[in-house]
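Trainee: In mature numbering (1 follows the signal peptide of the UniProt record, and there is no 0), the protein residues as written are -18 to -1, 1 to 222.
Derived from the structure by calculation, the hints contain no laboratory data. A portion of the hints provided could be inaccurate.
What the hints assert, rightly or not - Keeping only pairs whose Cα atoms sit at most 25 Å apart, straight-line, the calculated DMTMM-like set for lysine to aspartate or glutamate is: (1) Lys109 with Asp88; (2) Lys211 with Asp193; (3) Lys98 with Glu50; (4) Lys214 with Glu27; (5) Lys211 with Asp196; (6) Lys147 with Asp135; (7) Lys219 with Glu47; (8) Lys208 with Asp79; (9) Lys219 with Glu105.
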Amino acid sequence: MKKIALLLTLAIAMFTLAACSSSAKDDTSKKENSNNETKTEKKTEPKLVQLDDKVEKGQPVATIETTEGTVKIKLFPKEAPKAVENFVTHAKDGYYDGLLFHRVIDNFMIQSGDPKGDGTGGESIWKKPFKNEISNNLYHFRGALAMANAGPDTNGSQFYIVQNKFLTAAEIKNDSIQYTDSVKEAYEKLKGVPSLDGSYTVFGQTIEGLDIVDKIAETEVGANDKPEKDIKIKTIKITE
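Starting from the given sequences, assemble the full structure and let the hints guide the process.
Mentor: What follows is the structure in structure tokens.
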């Protein structure tokens, strides 16, 4: 019964992962349908750059200091240049300092990056939404850093870290993507949320602090999956 409950919770959560505008909070189903239409099939053999903790020379790394501990994430500017530029610039400007993790769902993800703290705010460094960047090399493995959005090509400032640590071989599927064996094997090893692939921009991978991600995800939550106690980003430091 616990397994069934977990699957139902994940199913509901995956249909509501959005950085919503105030005028669109109640339009989740419509947005999710639009997201599904933009998913792209991945056919070529990918270079799975998320599978090790190695950091290439000049590759940016984000150190996210939170009230619960520190999470270190390597970023992928080659695969997702706009998402990385946006995140890095916001981080260097102090945009994320003091912001809440306003939405957390255990065995799914933790979400932040909204100055309003309720999922309805935030903007990109260009003061307008920017397009999704779907890479054949990046997937929603456990520990992945990705952009939250309110539909296709509506990326702003909100982001999430994938936390799900339970995934069976039968659950490694996506209606619009033909996974290679290497991707399936990676999901079997790392876990994650395959259903999000193709609809959201992955642009980083956790290399230290997954225990902190778990700690945040496991906190008690109230309405709208908002933690009962404030969990904040102290600051995000970028090294290159």
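Trainee: Going straight from one Cα to the other, do Lys219 and Glu47 come out at no more than 25 Å?
Mentor: With a Cα-Cα distance of about 8 Å, the restraint between Lys219 and Glu47 holds, given a limit of 25 Å.
Trainee: Regarding the pair Lys109 and Asp88, is the alpha-carbon distance no greater than 25 Å?
Mentor: violated, 32 Å
Trainee: Does Asp196 sit within 25 Å of Lys211, going by the straight-line distance between their CA atoms?
Mentor: holds, 16 Å
Trainee: Within a Cα-Cα threshold of 25 Å, do Lys214 and Glu27 meet the stated pairing?
Mentor: Roughly 39 Å between the alpha carbons, so the hint for Lys214 and Glu27 is violated.
Trainee: Mind checking the alpha carbons of Lys147 and Asp135 for me, to see if they're no more than 25 Å apart?
Mentor: violated, 28 Å
Trainee: Verify the proposed pairing of Lys211 with Asp193, using a straight-line Cα cut of 25 Å.
Mentor: It holds: about 18 Å lies between the C-alpha atoms, which stays within 25 Å.
Trainee: Keeping to a limit of 25 Å between CA atoms, is the pair of Lys219 and Glu105 held or broken?
Mentor: holds, 20 Å
Trainee: Are Lys208 and Asp79 close enough, with their CA atoms no more than 25 Å apart?
Mentor: The hint holds at about 18 Å.
Trainee: Against the 25 Å threshold, does the CA-CA distance of Lys98 and Glu50 hold or violate the hint?
Mentor: With a Cα-Cα distance of about 21 Å, the restraint between Lys98 and Glu50 holds, given a limit of 25 Å.
Figure legend: structure checked against the earlier numbered hints; hints not met, in rising order: 1, 4, 6.
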